[in-house]
Amino acid sequence: MQDDRVIVCEKLTKRFGDFIATNEITFDVHKGEIFGFLGANGAGKTTAMRMLCGLSSPSSGKATIAGYDVYTQTEQIKKNIGYMSQKFSLYENLTVRENIEFFGGIYGLSDEQIRTKTAQLLQRLGMQNEANKLVASLPLGWKQKLSFSVAVLHEPKIVFLDEPTGGVDPVTRRQFWDMIYEAADSGITVFVTTHYMDEAEYCHRISIMVDGKMEVLDTPTNLKNSFHARSMDEVFYQLARGAKRGD
Amino acid sequence: MRTLRFLLRKEFRQIFRDKSIVAMIFFMPMVQLILMPLAADYEVRNINLSIVDHDKSPYSQKLISKIVASGYFRLTGYNASFKEAFGLIESDRADLILEIPHDFERNLIREDHHEKLFVAVNAINGTKASLGGSYLGSIIGDFNADIRMQLVTPPRFSQFPMIEVVASNWFNPVLNYKVFIVPGILAILVTMVGGFLSALNIVREKEIGTIEQINVTPIQKHIFILGKLIPFWVLANIVFTIGLLVARFVYGIVPVGSLLTLYAFISVYLLAVLGFGLLVSTFCDTQQQAMFIMFFFMMLFILLGGLFTSIDSMPDWAKVITRVNPVRYMIEVMRMVILKGSSFKDVLPHVGVVALMALVLNSWAVLNYKKTN
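Each protein sequence line maps, in turn, to chains D and E. Under the numbering used here, the first residue of the first sequence is numbered 4, with each subsequent residue one higher. Under the numbering used here, the first residue of the second sequence is numbered 671, with each subsequent residue one higher.
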């Protein structure tokens, strides 16, 4: 098989003392794929994602991101990925424009690139009028869209989204997914966690984690068939019911 | 280097957007330098004195008025018995009791008779008590000499050879306390501002969560630390400059040595202090932790810095600690350059030590700042 795998993960494990947050997860993600990473609270999703982003060092197992090793080449990985954390993490006391400029600059974009990208981004988000407002003053939905746009500003190979639509209204969520599709069409691989099962249906493939283990991995259609379920909701219920961990 | 430019731009924007920080940077040095030296004075005044005069003679009156006229004492009691006066000490209304015995005058005038005065000291406030006691002692001694002059016809040459000590105060001729304390306070101010600002900054990013977004970028650690170091270095230099201006225009303290020497030292010194703050911040997860740790070290640094008490009179173990205390070097250099006019060559050893500290602390901070944990 032609190797277009951008994430290769083999028995990746993270222990915190006796607690095994992520237990030997094995999976691959292909270029341009939208990969849904599901699981109840405390199932180990964020921990796994932090390992893949080079924010956290794995306890055991192997993984390469865009061809780079998660143990030794974290800085190369960081050049090739975008990340949007669960917690909003743009600078609230900088304006929209200043945030874009700052992150563009950190990723090494030229002044010219920053200028054109800022203009494009503001136009696509319809935020031209908000460009010079402090990010703190924006509604949550806008913040999340801005956050995503900043995460893909440097055209990474993979973008990791940790519950990007938590607390966002349905209309904004739809717009958000349009942006995700756009990114995937342009060749960016999207790795996304979510608690919304309708969003799970939008993914090309999804995995569901229960108590640190990856229980299933398939397309939404195949999963529904094998669980004899009408919706992803039911699939999730059947799996997550057995979970011992939670919040 | 390009990345650094973006970092600096971001930091400066954030700092100057935060009104409280800007206010602190400009008002703190002004207020502290104008108020502190006026209030915190080494000279002991307003010593509460209670007198028990059993003699009630012209001589005892003379002595009392001489004491009061010195300006250091406040007569808070003129009691009939020592017991009564002691009540004042117990209720903290008197610091000293002077008991003048019966027949004070008669015994004084009679030759070959030594008269004894009794002084009781309330030693709860140590400095006040010991200084007060010795002031009183020297006033009485003076009084004694006066009487001798009056009563004994002075011989052509003094029968008792006496050595009189005449001191001349170099570098601070009139022993102006402010000349001594203002450079010290300025040194502490600059240290506090730099140390706290830098210690709290990275921790704040940790608390808000923005550090995650930074850690997931390919930014180099030393560039990130430099991006935090430089803005606070600039701010602390501004605070220092304001402080020097206050010293110049409020107290008329003009550095005898060159400003260039002063700034050369400060530049290196600030790197050490900021490095320390950054190091603390890499160890802490919350601003509260950072605050407590900084507070602990700042207290140590300041109390063992030689501003309030002399390092030479500290026990040996404390002297050892002062060697790794950056504040000590700062205060010394401030006094050397501002009061004595020391040249760069004179403060070179200080610069060396502080540069070493800066190197160690900043490297440690870079090492301890983990983008991956």
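Certain hints may be false.
Among chain D residues calculated to face chain E with C-beta under 7 Å, some are [claimed, not checked]:
1. Phe-22
2. Tyr-71
3. Tyr-74
4. Thr-75
5. Lys-81
To list a few chain D residues with every Cβ distance to chain E over 12 Å, as calculated [claimed, not checked]:
6. Ser-59
7. Val-174
8. His-198
9. Glu-237
Listed below are the simulated DMTMM-like cross-link pairs for lysine to aspartate or glutamate, each with C-alpha atoms no more than 20 Å apart in a straight line [stated by the list, open to error]:
10. Lys-1041(E) to Asp-72(D)
11. Lys-689(E) to Glu-95(D)
12. Lys-65(D) to Asp-6(D)
13. Lys-726(E) to Glu-769(E)
14. Lys-146(D) to Glu-760(E)
15. Lys-34(D) to Glu-158(D)
16. Lys-90(D) to Glu-769(E)
To be clear, the hints were calculated from the coordinates, so they are not data collected in a lab. Ideal placement from N, C-alpha and C gives every residue a C-beta, glycine not left out.
Now the hints, each set against the structure:
1. Phe-22: 16 Å, violated
2. Tyr-71: 11 Å, violated
3. Tyr-74: Tyr-74(D) check fails; min Cβ-Cβ to chain E is 9 Å, beyond 7 Å.
4. Thr-75: Since the shortest Cβ distance to chain E is 11 Å, the answer is violated.
5. Lys-81: 4 Å, holds
6. Ser-59: Violated: least Cβ distance 6 Å, not greater than 12 Å.
7. Val-174: 26 Å, holds
8. His-198: 19 Å, holds
9. Glu-237: 34 Å, holds
10. Lys-1041(E) to Asp-72(D): 16 Å, holds
11. Lys-689(E) to Glu-95(D): 15 Å, holds
12. Lys-65(D) to Asp-6(D): 17 Å, holds
13. Lys-726(E) to Glu-769(E): Since the Cα atoms of Lys-726(E) and Glu-769(E) sit roughly 11 Å apart, the hinted pair holds (cutoff 20 Å).
14. Lys-146(D) to Glu-760(E): With Cα atoms ~67 Å apart, Lys-146(D) and Glu-760(E) exceed 20 Å; violated.
15. Lys-34(D) to Glu-158(D): With Cα atoms ~14 Å apart, Lys-34(D) and Glu-158(D) stay inside 20 Å; holds.
16. Lys-90(D) to Glu-769(E): 75 Å, violated
In summary, the structure is inconsistent with hints 1, 2, 3, 4, 6, 14, 16 from the numbered list given earlier, while agreeing with the others.
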